[in-house]
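**Student:** Numbering (my numbering), first residue to last: 1 to 140.
None of these hints come from the bench; they were simulated from the model. All of these numbers come straight from a predicted model, not from anything done at the bench. The beta carbon of each residue, even a glycine, is placed where N, CA and C say it ideally should be. You may find that some hints are simply not true.
[Unchecked claim] What follows is a set of in silico ranges between Cβ atoms, one per label pair, in the way DEER data are often shown:
#, residue 1, residue 2, range
1, Asp-72, Gly-42, 49 to 57 Å
2, Asp-120, Glu-49, 45 to 53 Å
3, Ala-102, Glu-123, 22 to 30 Å
4, Ala-54, Ala-102, 21 to 29 Å
5, Arg-85, Gly-39, 31 to 39 Å
6, Gln-34, Pro-67, 42 to 50 Å
7, Ser-31, Thr-82, 13 to 21 Å
8, Thr-15, Lys-110, 16 to 24 Å
9, Glu-20, Arg-65, 40 to 48 Å
10, Pro-108, Ala-6, 49 to 57 Å
11, Glu-96, Ala-58, 18 to 26 Å
12, Gly-64, Glu-86, 37 to 45 Å
13, Gly-42, Gly-66, 53 to 61 Å
14, Glu-109, Leu-17, 43 to 51 Å
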Amino acid sequence: MDGLNARLKAWRAATGLSQEAAALALSVPVSSYQRYELGTRGPSTDAMEAFVLAGINANWLLTGRGPMLLADLADATKRPDTLDRERMILALESIERGLAKARAMVIPEKKGRLLLAIYDYLEEEGVTEEKVANIIRLAA
Numbered sequence: 001m002d003g004l005n006a007r008l009k010a011w012r013a014a015t016g017l018s019q020e021a022a023a024l025a026l027s028v029p030v031s032s033y034q035r036y037e038l039g040t041r042g043p044s045t046d047a048m049e050a051f052v053l054a055g056i057n058a059n060w061l062l063t064g065r066g067p068m069l070l071a072d073l074a075d076a077t078k079r080p081d082t083l084d085r086e087r088m089i090l091a092l093e094s095i096e097r098g099l100a101k102a103r104a105m106v107i108p109e110k111k112g113r114l115l116l117a118i119y120d121y122l123e124e125e126g127v128t129e130e131k132v133a134n135i136i137r138l139a140a
């Protein structure tokens, strides 16, 4: 299966909708929706907008790339919520060493944001303790 018409059929099958229910959900005439699935007529700009408003990923619908649903696209771009405990400990220790070295203090609210920034920074390759210390000096 390929093409917009096949992807519309796949969307409808995944959502368990009949052609009539899909047309109703998309606010398009049933006959128009049927022609979209047959491939004898392409959807208008208004129909494409209706597809997106119904939660269909327009990129997937037009090209077949990416997830079918916008909700899945949003989930794919989220960072995992898994905490790397070793990296968090390293980030906190780096901050405390850097602050001690600079003989500086940071208010708790700023320290929390600094901790998250250093935690993210430590995920990158080639990060040295000196680079982290420079960031901490700038933040202090």
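**Student:** If a hint holds in the structure, say so; if it doesn't, say that too.
**Tutor:** Hint check:
{"no.": "1", "hint": "Asp-72 with Gly-42: 49 to 57 Å", "in the structure": "violated (24 Å)"}
{"no.": "2", "hint": "Asp-120 with Glu-49: 45 to 53 Å", "in the structure": "violated (36 Å)"}
{"no.": "3", "hint": "Ala-102 with Glu-123: 22 to 30 Å", "in the structure": "holds (24 Å)"}
{"no.": "4", "hint": "Ala-54 with Ala-102: 21 to 29 Å", "in the structure": "violated (55 Å)"}
{"no.": "5", "hint": "Arg-85 with Gly-39: 31 to 39 Å", "in the structure": "violated (53 Å)"}
{"no.": "6", "hint": "Gln-34 with Pro-67: 42 to 50 Å", "in the structure": "violated (25 Å)"}
{"no.": "7", "hint": "Ser-31 with Thr-82: 13 to 21 Å", "in the structure": "violated (49 Å)"}
{"no.": "8", "hint": "Thr-15 with Lys-110: 16 to 24 Å", "in the structure": "violated (47 Å)"}
{"no.": "9", "hint": "Glu-20 with Arg-65: 40 to 48 Å", "in the structure": "violated (29 Å)"}
{"no.": "10", "hint": "Pro-108 with Ala-6: 49 to 57 Å", "in the structure": "holds (56 Å)"}
{"no.": "11", "hint": "Glu-96 with Ala-58: 18 to 26 Å", "in the structure": "violated (48 Å)"}
{"no.": "12", "hint": "Gly-64 with Glu-86: 37 to 45 Å", "in the structure": "holds (40 Å)"}
{"no.": "13", "hint": "Gly-42 with Gly-66: 53 to 61 Å", "in the structure": "violated (20 Å)"}
{"no.": "14", "hint": "Glu-109 with Leu-17: 43 to 51 Å", "in the structure": "holds (49 Å)"}
Hints 1, 2, 4, 5, 6, 7, 8, 9, 11 and 13 from the list above are not met by this structure, while the remaining hints are.
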